[in-house]
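The opening position of the sequence shown corresponds to residue 1 in our numbering, with each subsequent residue numbered one higher.
Derived by calculation from the structure, the hints in this document are not laboratory data.
Cβ coordinates follow ideal geometry from the N, Cα and C atoms, glycine included.
A hint or two may mislead.
Each computed EDC-like pair below joins lysine to aspartate or glutamate, with the alpha-carbon atoms no more than 20 Å apart [to be verified]:
#1 Lys137 <-> Asp63
#2 Lys175 <-> Asp55
#3 Lys153 <-> Asp55
#4 Lys370 <-> Asp47
#5 Lys153 <-> Asp75
#6 Lys343 <-> Glu328
#7 Lys175 <-> Asp50
#8 Lys277 <-> Asp251
#9 Lys343 <-> Glu174
#10 Lys153 <-> Asp251
#11 Lys325 <-> Asp120
#12 Lys353 <-> Glu305
#13 Lys370 <-> Glu311
#14 Lys277 <-> Glu292
#15 Lys57 <-> Glu40
#16 Lys158 <-> Asp145
#17 Lys343 <-> Glu298
#18 Lys325 <-> Asp281
#19 Lys133 <-> Glu69
#20 Lys158 <-> Asp50
#21 Lys370 <-> Glu151
#22 Lys325 <-> Asp63
#23 Lys133 <-> Glu59
#24 Lys353 <-> Asp63
#25 Lys353 <-> Glu318
#26 Lys153 <-> Asp281
#27 Lys175 <-> Asp145
#28 Lys137 <-> Asp281
#29 Lys133 <-> Asp55
#30 Lys175 <-> Asp244
#31 Lys153 <-> Asp47
#32 Lys277 <-> Glu311
Each pair of labels, with its calculated beta carbon distance range [said to hold, decoys possible]:
#33 Asp61 <-> Glu193: 38 to 46 Å
#34 Phe33 <-> Glu174: 21 to 29 Å
#35 Pro324 <-> Asp364: 30 to 38 Å
#36 Trp369 <-> Pro196: 37 to 45 Å
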Amino acid sequence: MKRKNVISLILMILLCLIVLLAVVFAIVYFTRFQTIGSIERLTDYEDGYDLYKIDIKYEYDLDRMMSRELRTDDDTADVILSEALPYLPIHMESPDYSCSAFGITDVNGDVLMGRNYDFDIDTSALLVYCSPKNGYKSVGMAALDHVGVHEVKSLVDKVCALPGPFICLDGMNEKGVSVSILMLDSDPVRQNEGRPDLFTTLAVRLILDRAATTQEAVDLLRGCDMYSVAQGDYHFFVTDLSGDGRVLEYDCESESRELIDTPVRTATNFYQIYIDKVLPDQYNGIYGHGRERYDRIEELLSANEGQYTREIAWSALEAAQQLPKPDEQTSNTQWSVVYNNHKRTAEITLRRKWGEITAYSLTDNAVTWKP
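Work out the full structure, taking the sequences as your base and the hints as a guide.
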């Protein structure tokens, strides 16, 4: 009898533990399942590379994420996955990417940020809407190949989209601040000054959630130690409602990789602070590449000074587009977007389909036009 009682007690304890774990899992994942339920496909192209939209319903903690020590790319993936997908084994990629971005004020006084995202591997894109309790509402663009997804069909595909807030490569918030990541060719930044740790795409999330001006974005990054992901280096192009456009760069000639903010209109894949050391149509060592795209954008913008419109912005993006090149990883424009910081809108096209634009309103969190 005693042995049976012990076995019964053990079974009862195991059952209680299983029930408890199930309850905890359900509590943690309830808002994540709501997030999964929000996913919608916005385009339907024959090649299967489409634009999807997701509304983030779950709460995340940026301060907790920045409290984690970063020493490897695996550490950055762990930080993302432990926040977005606790208890689940999901793999993430950390690719290189090339880009172009610019900021202008149109004839109506609206500040526009145009941005091309270039990468040789074709990808579907994810439009990510966030409304954190302790932050600003925002919209951002993420590449689904970073989480190993091509078409979002199965439940597994949808679960893989949950890290969306932490893999955005550009975006705009309700305060009219927009930001883009652009790749560089210098050694990765590895700051270790005892400040909170921040990796490349988490910097975008930090700016979108907490910056109301370009200066606030600068101050936020200066308060953190930067860890550049994927063995690459990057800079950030930021604009705000006042038209304050700056590129934020970790000086490649500085031993401490000091953060330098430089007022600019256009940025591609070279250091603005060393523009005199960069020639077009070639790689220029640690100083970067993409001067030819910069020159094309600047030539078009200079020719239309004082007459900027959304059409001019789109023409500039088309002028800087990159076609696929099998031997060049940072080629192949995957998406182009024009953010209107004043109207809080985004216009997006995928893979150089210039006449097929999806329009989105951050104020209403609604797609207002689909191709």
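We went through each hint and held it up to the structure:
At roughly 17 Å between alpha-carbon atoms, Lys137 and Asp63 fall within 20 Å of each other, so this suggested pair holds. Between Lys175 and Asp55 the alpha-carbon distance is near 19 Å, which keeps this suggested pair within the 20 Å criterion. Restraint check for Lys153 and Asp55: the C-alpha separation of about 17 Å stays at or below 20 Å, so the hint holds. A threshold of 20 Å between alpha carbons decides the hint, and for Lys370 with Asp47 the separation of about 17 Å falls inside it, so the pair holds.
Between Lys153 and Asp75 the CA atoms are separated by roughly 29 Å; this puts the pair beyond 20 Å, and the hint is violated. A distance of roughly 37 Å separates the Cα atoms of Lys343 and Glu328; the hinted pair therefore is violated under the 20 Å criterion. Among the hinted pairs, Lys175 with Asp50 is inconsistent with the structure: their alpha-carbon atoms are about 28 Å apart, more than 20 Å. Among the hinted pairs, Lys277 with Asp251 is consistent with the structure: their alpha-carbon atoms are about 14 Å apart, no more than 20 Å.
Proposed proximity of Lys343 and Glu174 is supported: the alpha carbons are some 9 Å apart, at most 20 Å. With a CA separation close to 43 Å, the supplied pair Lys153 and Asp251 exceeds the 20 Å bound. Distance check on the hinted pair: Lys325 and Asp120 sit about 7 Å apart at the alpha-carbon level, within 20 Å; holds. A C-alpha spacing of about 26 Å is found between Lys353 and Glu305, which places the hinted pair above 20 Å, so the restraint is violated.
For the suggested pair Lys370 and Glu311, the alpha carbons sit about 18 Å apart, so the restraint of at most 20 Å is met. Pair hint Lys277 plus Glu292 holds up; C-alpha atoms about 13 Å apart against a cutoff of 20 Å. The straight-line distance between the Cα atoms of Lys57 and Glu40 is roughly 14 Å, inside the 20 Å bound, and the hint therefore holds. With a CA separation close to 13 Å, the supplied pair Lys158 and Asp145 stays within the 20 Å bound.
Distance check on the hinted pair: Lys343 and Glu298 sit about 24 Å apart at the alpha-carbon level, beyond 20 Å; violated. Distance check on the hinted pair: Lys325 and Asp281 sit about 14 Å apart at the alpha-carbon level, within 20 Å; holds. Note on Lys133 and Glu69: the hinted pairing is violated, with a Cα-Cα distance of about 25 Å set against a maximum of 20 Å. Note on Lys158 and Asp50: the hinted pairing holds, with a Cα-Cα distance of about 14 Å set against a maximum of 20 Å.
For the suggested pair Lys370 and Glu151, the alpha carbons sit about 18 Å apart, so the restraint of at most 20 Å is met. Distance restraint check for Lys325 and Asp63: the Cα-Cα separation of roughly 40 Å exceeds the 20 Å cut-off, and the hinted pair is therefore not satisfied. In summary, the hint linking Lys133 to Glu59 is supported, as the alpha carbons are separated by about 8 Å, within the 20 Å threshold. Between Lys353 and Asp63 the alpha-carbon distance is near 39 Å, which puts this suggested pair outside the 20 Å criterion.
Straight-line distance between C-alpha atoms of Lys353 and Glu318 comes to about 10 Å, which keeps the hinted pair within the 20 Å bound. About 40 Å separates the Cα atoms of Lys153 and Asp281, which puts this hinted pair outside 20 Å; it is violated. In summary, the hint linking Lys175 to Asp145 is not supported, as the alpha carbons are separated by about 29 Å, beyond the 20 Å threshold. For the suggested pair Lys137 and Asp281, the alpha carbons sit about 39 Å apart, so the restraint of at most 20 Å is broken.
For the hint pairing Lys133 with Asp55, the CA-to-CA distance comes to about 14 Å; that is within 20 Å, so the pair holds. A hinted pair counts as satisfied when its Cα atoms are at most 20 Å apart, and Lys175 with Asp244 qualifies at roughly 13 Å. Distance restraint check for Lys153 and Asp47: the Cα-Cα separation of roughly 15 Å lies within the 20 Å cut-off, and the hinted pair is therefore satisfied. For the given pair, Lys277 sits about 32 Å from Glu311 by alpha-carbon distance, which is inconsistent with the 20 Å threshold.
Remark: the range hint 38 to 46 Å for Asp61 to Glu193 is contradicted by a beta-carbon distance near 22 Å. For the pair Phe33 and Glu174, the beta carbons lie near 26 Å from each other, so the given range of 21 to 29 Å is met. For Pro324 paired with Asp364, a C-beta distance near 35 Å keeps the hint of 30 to 38 Å intact. As the Cβ distance of Trp369 to Pro196 is approximately 40 Å, the hint placing it in 37 to 45 Å holds.
Of the numbered hints stated above, those contradicted by the structure are hints 5, 6, 7, 10, 12, 17, 19, 22, 24, 26, 27, 28, 32 and 33, listed in ascending order.
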